[in-house]
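Novice: Residue-level listing of the chains:
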Amino acid sequence: MSTLLETRKLTKRFGGIIAVKEVDFKVEKGVIKGLIGPNGSGKTTLINCITGVHRPDEGRVFFESRDITGLPPHRVAKIGIARTWQIVRPFKKMTVLEAVMTSALIRVKDLSVARSEAVDVLKLLGFTEELMNRRGSDITLVQHKLVDLARAIVLKPKLLFVDEIAAGLRPVEVEGLIDLLRRVHRELDITMVVVEHLMTFIMKLSDDIAVMHEGQLIAEGSPEEVAKNPRVVEVYLGMRV
Amino acid sequence: MEGVATKTLAIVLAVVVVVVAIGIGLYYMTAPPAPTPSKVNEVVIGLIEPLTGKYAVFGQEAKQAAELIVDIINNELGGIKSMGGARLKLVVVDAGGSPDEARIAAERLISENRPHIVLGAYISRMTAAVAEVTEREKTILVMDALVDDLTERGWQYVFRVAPKASMHGASAVDFVLDAAKKAGVEVKRVVILNEDSVFGTYVSNGAHTEAVKKGIEVANHITYPYDVADFSSILDTIKRSNPDFIVMVPYFSDGVLFAKQFAESGLKVKFIAGAGGCGFTDPDSIKAAGEAVLYYTNTYSFNPYRNTEWTKKVVSMFQQRYGKLPTEAGGIIFYSLFTVYEALEKAGQMFPDNPLNPDNLRQAFLSLDLNDSNSIAAQLYPSGRIKFAPNGDNLYALAVVLQVQKINGTLTPVLVWPEPQPGVSVVFPRP
Amino acid sequence: MLRSLRRREFPRGNYLWIVVNGFEYFFASGFPGSVRVFIASLPGLSGLHVTQKPLIRIKDNNSNTKTHHPRVNTRREVNKFKPTIYLQLIASNYRSVTGLYLRLIGLVVLLVAMYIAFMTSKYYLLFTTNLVFFAAIVLAWNIIGGYAGQLDLGSAGYMGVGAIVSSILSNNIGLHPLISIILGGLSSALLAGAIGFPMFRFGVREVWYALSTAAIVVILNNAVRLLIGPYEYYLRVRPIKTYDELYLATSIALVLVFLLNYAVNNSRLGYYLKAIREDELAAEAIGVDTRRYKLLALMIYAFIVGSLGYLYVVMIGYFYTYRFFDTGISVSIAILGIIGGLGSIEGCLVSAFLLRGVGEYLRTSLAHIIPGLHLLLYGAVLIALGVIEPEGIPGIARRFTTLLKTTKRPMGGVK
Amino acid sequence: MFEPTAFDLSAIVTGVVNGLVLGSLYALASLGLALIFGVLDIINFAHGDILMISSYIIYLIALSTGNPWVALLSSLALFALFGAGVYRGIIHYVLGKEPLIQIAITVGLGLILQNLALALFRAEPRALPSTLFPYPLSIGPLTLSANRVFVALVSIILCILVHYYSTRTKLGLASRAVAENREAAWLMGINVPLIYMATFTIGVLLTTTAAFLWMQIGPVDPYLGTIFGLLCWIIVALGGLGGVAGIIASGFIIGVLDSLGSMFLTPSGKYIPMYIAFILTIWFKPRGLFGRR
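Chains as they are written, first to last, in the working numbering: chain A, 3 to 243; chain B, 15 to 445; chain C, 76 to 490; chain D, 291 to 583.
Wrong hints could be hidden among the right ones.
Here's a subset of chain A near chain C, in silico, CB distances under 10 Å, partners left out [said to hold, decoys possible]:
1) P74
2) P75
3) R85
4) F93
5) K94
6) M96
7) L113
8) I180
9) R184
Chain B side only, calculated, beta carbon under 7 Å to chain C, not exhaustive [as the list claims (entries may be wrong)]:
10) V33
11) T66
12) L191
Calculated directly from the structure, the hints in this document are not laboratory data. Ideal Cβ placement from N, Cα and C applies to all residues, glycine included.
Please put together the full structure from these sequences, using the hints given.
Specialist: Okay, here's the thing in structure tokens:
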């Protein structure tokens, strides 16, 4: 198992507060890694620093042992790191298909090829043709999240950050999502980092888990280990989920 | 899919049908009239003026003036006698706010009304656009725009009775020098101040060259934008260049602003002479600026106080019809239209068989030599003489100077130059 | 209509070839194809296009289908496929090709019809030319304002620079008008680049972008007037003599700009720009180099507007420097673009022709009674727009169509 | 046309003083805009035209009653209604919509106001024939127009009042809370729509007072709005949304640039330095020179 992504002493400050503090975060190839932690523990900030949305104050980011610290987001996306958004960022005036095509077009030049790939991915996520031709402005939240996901995976990324995709969804939908993510992982073999603050969700999904608290990694390991880890328990009881 | 395609086609076809229908309608609307018979019974006069936008003030008054004069010619003078009492028909169109609109307006006038003579369009850039059309159509254009180079383009069918911009500037300087000599005041330095439009530039350059010619030192020549909101720093610049008098070429509201601010600034100069078009002395400015413009002067292309029968008559008629003194914009139309009248009479005599042929009309214009005794137009014109140079400018062009004075309590513009009107004397320097 | 696309013999190259209800169809992909389409399809009503790769699906079990690109495929192969899989592909491809084809025909026919209708009267011809001219400008604006979603108020500036440069080149230096037009366009594109690069580099957006562009127009206005004096500069070289030629030239310009819009709309650039308009950060995150493409859009737009500037000069016969760069013009262009619905080509055409047409007609006919009536009209329309239908003309159109076809299924709806 | 004045200290001093006097009026004129933009996050392109129309109203009332103060008070009452009406009728609908729509709708409003004025009052300039202090005021070497000084002082005082309003009064604090974080304000039990309407109205009223002061020194015509519209936005841009102090400061900066530009460059080109300064600010300090947000 080779290391796909690695951060060394990654630190990000906003004014006074330190959102991410000297984080060493590793992702092996081919796993689904869980990243949990209470709200405001710096999970999203970590992702933003890796994907170039924020520029880290200290520390470096290595992807396939190449230093990508501070690259602009579009470069990061091109070298194979995709992400979804905690709060969906829909393309309201474009149809679902067009939205997904747009990111397919990053890789392929020809429209019809892009279109067919977008169709593949959308089908994989269970979209009907009728849905594909709807505009972003008139689909449901869960569908938005799926489009968001589709936009990410049609990039054929090596590494995919899934940021709190379950937030605001009904349990049934969450169940569906878990299966879906597994399937994406299996069929398109994309390494994933799934960010959540819901223990349950992560436990079901991920091979190993990292726990963040107040900007630091406080535990790492298999779900069982993490569940037993006293700090984690303390933190999570400290702020009951 | 058939649905989409056929629908699109249907729409396109519908549009086409509609458009063509409109076109056919227009074709019958704008069918060219029969060639003018030897017996003329109507002469169409077109007037293109800015009736909207920033320049509407002038356009509106020009329109009123034209309507008045056409009435006079048709009803009192019985039309064009030499053409068997042919009547004048006035058509007014809006020149809009930009040259392309002015040009469209000109085309509309030409193609819908086929005027024999066109007047307009006050603003130089619009007039140029109109002239582009009238030249092509070989239609006489009598311009009421003063910018010099309009008559230097080699256009064949343009005439201008009014004094041109640079002359306004020059007359302002000459007037001040005369008045100073009479009053025994010594003036050596002038500051010239103008709004940076084409017109303002020409007028101020005229003043500049005249001043240099007369050995006056131009201490400073300042140009400012029409939308100036504050004259403080300009006044300060004037102060430190310490002139004996100021020649200013205002646009309109900036003139008011200047006068008000000058009054408050406590700055002292011997005299302030406005030059060009609408300045300090026309009723609207006086109404707006009030006491501030007392004893300001301004050059004028029209002398509303000229002591001739027709000037008195037309001015009083204008006043009783529209309740205000005719200003520059109206005055120019007065004598321009009467010059047109004289030219038509002349054409009728010279070419009885086809008087309205543009080249014949042009001949008629060029052969005019009008003075107070033989014409109404000359009686309305400041210099009392009208004779055209080949380029279309009036050889005897003259601008007069009005001054704002307090006549029994009310601020009124009075004539002070070249000769003061009876019972009035120029107030120089400003008290 | 599909029947008209039928073809017996195959075109050379790759293509998507499908059988639906016993008819064979060829289908195109988007740009650059679609432009080649219109050229290729002018002879013979085929509307065909040659894609780089044919898209043939082998398996069809709703999910995990893979795409591959066989060299050649015989009819027997094709016949095995179930048409339904492709319907959606067909739909979009069909739209992108035949749609362009129809619209182009429509536009050309409209232009010709207007010419036939108005050629009898110089006034209406010039009036129409003016409309066509501004339609072209609005379409150009659509690239930066409609697709990229940047509210650009600099059009007057770019037009002015292009106009002055090209007029001086053709008039005083005596270059061929076409060359000087192109050089004029280039110069304003360069200007746009010089302004746009730092602007996007420093992330100037929304109202600040609009204000900066407006400010640039003001700066240009003053600077140019100070540099060469506030006079009218007449064209001695008149490549275009009559209004018919002018109308022709303007129409050609409009058609070109229309095609360019179409090209952008059906290209990666178009998709990127729309993504930028919708959500810049999200676009970045999927790998769109937002700065680069915004700048590209800006320069394309500036180039078009700049080269159109010369036509304006020809239209009035001279250029002038006093209030030649007028923010009012920029604003009204943007207004027409917004009312036309951002990124909708037809919408822009409709608003430019209809709204401006009505407005100008009101001005010329009623100005002396109610000055500024046309501007009141614009104002009213804008407010109504903001309150009722923010998406402008296409939004309204969509409402109508949804009202009309409640039962009709969308393209792929074979269920 | 270029004839820069001799470069000497007293010139600079006078220029700066004139600039400050002018700038304080600019600041007041922009304050309403800044308030509306800051709290409602509405991009108002009709600001200049609102100023123009209220100048007309003030002019008409002042002319008919002959008393400027009556004119001020009655027009304030009038424009309180106007502001509330415009908010309910138009602005209300575009709250939180994308900037393009807001700009479109406010440009529309501006067009309507401008051309109504043109239709009603025609294009010639109107000004109050009498000014409050028609005499010069000499302080040491430099003489100023007492009228303008008065205007400047009033503007500054009003700005300070607004500062107090936004930092001390309940309404002001509430509106700032809304500006900072709308949802939080909701949760704190602040009646956001009310705050919005109140703030918009106050913004309009500030503009009306600015218009009153302008009528004390200058004329109005239907195109007055175009002079102020862009200028006010530029001042807001420079000031950022860092509160009243920022606006005053940037007002001063623009005023000084204005007067120095017309002294040492040429009045006809004075906009060039102002707008270049604006563009550079937008580039290098997108939040304005004094911006907090």
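Novice: Give a verdict on every hint.
Specialist: Results for each hint:
Because the beta carbon of A:P74 sits about 7 Å from the nearest beta carbon in chain C, less than 10 Å, this interface hint is met. The beta carbon of A:P75 comes within 4 Å of a beta carbon in chain C, closer than 10 Å, and the hint placing it at the interface holds. The restraint placing A:R85 at the interface with chain C holds, with a minimum CB-CB distance near 6 Å, inside the 10 Å limit. Interface restraint check: A:F93 against chain C, minimum CB-CB distance 4 Å, threshold 10 Å, status holds.
About 6 Å separates the beta-carbon of A:K94 from the nearest beta-carbon of chain C, less than 10 Å, and the hint is met. About 6 Å separates the beta-carbon of A:M96 from the nearest beta-carbon of chain C, less than 10 Å, and the hint is met. For A:L113, the interface hint holds, the least distance from its beta-carbon to any beta-carbon of chain C being 4 Å, beneath 10 Å. Below 10 Å, beta-carbon pairs count as interface contacts, and A:I180 has none with chain C, the closest being about 17 Å; its hint is therefore violated.
About 14 Å separates the beta-carbon of A:R184 from the nearest beta-carbon of chain C, more than 10 Å, and the hint is not met. Taken as an interface hint, B:V33 checks out: its beta carbon lies about 5 Å from the nearest beta carbon of chain C, inside 7 Å. A hinted interface residue such as B:T66 counts as satisfied when its beta carbon comes closer than 7 Å to some beta carbon of chain C; here the least separation is about 4 Å, so the hint holds. Taking 7 Å as the C-beta contact cut-off toward chain C, the hint placing B:L191 at the interface is violated, the least distance being around 28 Å.
Checked against the numbered hints above, the structure violates hints 8, 9, 12; every other hint is satisfied.
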